[in-house]
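Going down the list, the protein sequences come from chains A and B. Residue numbering for the first sequence follows the working numbering, starting at 11 and increasing by one per position. Residue numbering for the second sequence follows the working numbering, starting at 82 and increasing by one per position.
No lab work stands behind these hints: they were computed from the structure. Bear in mind the structure is a predicted one, so any value in this text is a computation, not a measurement. All C-beta atoms in this analysis are idealised placements derived from N, C-alpha and C, irrespective of residue type, glycine included.
Label-pair distances were calculated between CB atoms; the ranges are: (1) Gln142/B / Ile134/A: 43 to 49 Å; (2) Lys871/B / Arg83/A: 45 to 51 Å; (3) Ala389/B / Leu125/A: 40 to 46 Å; (4) Glu177/B / Ile134/A: 45 to 51 Å; (5) Glu481/B / Ser77/A: 41 to 47 Å; (6) Pro796/B / Tyr26/A: 30 to 36 Å.
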Amino acid sequence: MTTLRAFTCSLTVPQYGIPFYLQYLAHWPEYFIVAEAPGGELMGYIMGKAEGSVAREDWHGHVTALSVAPEFRRLGLAAKLMDMLEEISERKGGFFVDLFVRVSNQVAVSMYKQLGYSVYRTVIEYYSASNGDPDEDAYDMRKALSRDTEKRSIIPLPHPVRPEDIE
Amino acid sequence: MAARGHVQDPNDRRLRPIYDYLDNGNNKMAIQQADKLLKKHKDLHCAKVLKAIGLQRTGKQDEAFTLAQEVATLEPTDDNSLQALTILYREMHRPELVTKLYEAAVKKVPLSEEYHSHLFMAYARVGEYKKMQQAISAQDEKLAQTMFLPLAERMVEKMVKEEKIEAEAEVQLYFMILERLGKCEEALEVIRGPLGEKLTSELQSRESKCMMLYQRLQRWPEGNALASKLLLKNPDDWQFYSCYFDSLFHLIDQSWTEEGEGFHLAMTFVEDRIKAEDQKETRQLRGPYLGRLELIHRLRERGCPEEAQLGEPWDLMTQYFSQFGDKPCCITDLKLYLHLMPPEQHLKFIRGLGEAVPLGGESEEEGGSVFPEDTKALQRHLCVCQLSRALGLHHALSPEGKLRVIRDLKAHYHHGLKFGATALKTELQFSDMYCLMAAHVYVDLWKETGEESMAWQGIGLLQEGLSHSPSNAQFKLLLLLLYCHLGAFEPVVDLYSSLDAKHVQHDTIGYLLTRYAEPLGQFAAASQSCNFTLRFFHSNQKDTSEYIIQAYKYGAFEKIPEFIALRSRLNQSLHFAQVRTERMLLDLFLEADIVLSLEESVKSMSLTPEEDDIPWDTLRDNRDLTVLTSWDPRDRWEHRRASMEEECLWLRMRSLTLRLLAALTALGRAHQQQNSLGSENGVGDKASVAARLFSQLEQALQSAACLSEKRSQYPFLGPPSTRLAAALACGSCQCQTSALQLTVHLQELETMGLDESTELQTRICNTFKSLVIQLQEMSNKCNGDLLEMKDSRLKTQPSLLENLVFFLETMSVVLWVASQCAKVIRPLKASLQKKKKKKKDTNTATPAVVCGFQVLTGGLQEVLSQVLEHIKTQELGLTALKLASLTLEPHTQEEESFIRAGMDKVHSSYLRSLQELGDLLKRRAETLKTLKI
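All chains should be modelled from the sequences, with the hints used to inform the complete structure.
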């Protein structure tokens, strides 16, 4: 049991810098949803945006961040938040929803698969690492929305791409 | 900056190379190029501004500013100059100058829409909303309520009638206008009508807006119907349970519904939701079950016996546990309703739950405990442990009982590690909470018995926990607090930086650092943490403004008031004000009269006695006082107010001290002015400012004394207490206040001269004497061993370290005052001697105040060398201390190594603090030597 509501600045979500959040709030306020516990604790949040072009049939919703606090895991909250983001993207007439995830993050990858996402392509060295570790690849995962009746948007690319090649 | 202009103007071509140099960071060449250009085209103002940008970026701020002002006073209207000046002012952090610039431009070219728009944005940046309204509409000075909003309303209404409203943002704006005008009925009509259908982006946006309006309009029947409808749709949406109960109870209160009937309705509603949930096979939602507990809570608050029909709280919570006990959030949920059980049921409740936890027969030690066989069972067991702590069952145990609890928790912790054997470094261990809780019980024992070994064992355990779970923030936070309470800040630096505190957290948890760094004698670390924090606050002032503008552009109008609220929340932060003040004091303690003179230091900080930059009436407490996990029963909430009061008082004393120090530096100058200009006026003003500040400081000191008498101790995990009590106890406040009173006396002496001020001189001399005595007493309070090894036990006295810091601070203040004394008295003495020579006065007796001054410096020297000697002895003692020879109580080898590592950290931290203190005091001793009249 959760209170789901639009994100407001009175909450403190410290993962990224304030400008980053404000930028999203200024452009896509509807894509920023938080979940609060009955005691007022922040359970988790999702943040995303709409981008692409309708003409090229790549107008879509994008998941920028999804985060659930450790003590509120295993409640299906992430699925609920993803569901809401998909619903918003449906309303905007998007063709699909996509997201990037670290190749090594098996827990997340399998969760997204369960939610109906599939790997569309691999992006080489998308995550830059600090302290000398090698940069890490990302999966670009997608799920088609109802507008893409033939599910053309999620046909996997045969080859990996480089970060500079993605739009 | 390079992407500019469309029509090629010859000046653009001439300026291009300068822009390029600036863009490439080649500031020197940019300056040269600008100089070249200016030789040929003297009135190419933009070149001047670009040169100023180059100067600014090479650290020549003063030159840059002068040059920029040359252009600005001409009130330029060409695009190039305006844009360049805007960039320059932004880099100078002077956005208010941009508004002046465009105000002038708009006056000269009133028809330029572009300049109006720039002016609007400039106002948005500095937050002058009233002026923003003027910038977009007429010059009328009426309030939004009477003019702008109604105007906006009429404009939008017209659009509605002409069916011109199309975009969602426009509907939203219309709604906001009506809502702000208090026209809730009309707003409701818009939301429920065809225009409301356009609000599609945000999920449930129409519903939540309706609900908000029903509440404001007190339309409870509709509110209740909507809440019930939404709960039928999603019985897990918690916010609507409150709406449902609230509205229903209002209906009862207003006799819409008969009381019994109303309660019955609520109970049936909740029980129906539960029945529906019970019938589900998978993933039951927690909402309905928790809703029932919430209803009991609310009925009980109203004194309704009907609540009994819903069941016994302990029984319902037991059921809840059997359904959701394996979820980590079960404790968070139940904690809210534990108060529904009478204390005599607590044990029964916990025992009942304990029996429901499936523990395997596996026993690793003889007579030992049985352990959970999988993570779900572990989670259940952990939940029971957490509940019993939250019910205060741990707290009620005897010390032996507590030690048994610790043993048990540790055994479960170690056993549970096997479930996370393959966990990544970034993941937490399943059993981490056991470890944390055991550490909490150690803290209880330490505080209860005063037995310091409990603190060491707690530290050891947490260090061990961290080795298995390196990203556990709770371990780090509790360790941080333990080290600080033991007087060791050095280990905290790494702990805090590994917490990776970001952004807003500098405001919300930064208090943990700033409270301890400087007071524990780690000045370098203190400077650094202040810098981080200030950088965050300053950059946010800029950032939020930018995004307010963006939100206007993208039509996210609802976000604008939020962004503005965020900005004021940060600007009015108590922590921000504290860090600003402490940073300046710290700079003075570290540098004034050592690197720079006090006067120069004060000047470089643009510190003036007249100016108070703290928004006292609107200060906000943004501290996150719940950042540390605590199961202690309802402890921390009540302390926030008392703590805030104390923090404000301490801040007031610190800020007054700072401003009085600024007033102090005006002394010597006043004398020069008086001699050269004979201006009595300026001096008089300064005198009254200092006297006013001093009487405020005295008042604050009095309130502080009162407050510390009635002050209650905060719990270990509550807000940290300020330094106030310790500062009073060691005499630091009192001594600094006496020293600062001399600022007022010296001003009087300056005007009176030496020959006609016998009484005043006696008073000053008495203060001199008393300062030496007070400092001597403070020095006595520093005596003793910081770290002692006795009977194979380690004993720390962190208060001695804090007292040393107070001594350093107070000695610095006294020395600054003394140095200003010398500056004031020296010319007075000279002029007295001149006068005497003229009169052929044979009375060669030295004026009292001069004698007194010599006594003062002599006394200070003596105290200072005592303290330096003490620090040296302490350093030697600490270095010689062989911690390795300490025999610890029986522990496993692993445990012992973690405890020893903790001890070594504290030991090393003490040494560093002593070294930093010793170095600073030595430098103060140097300045003391030069103090002569």
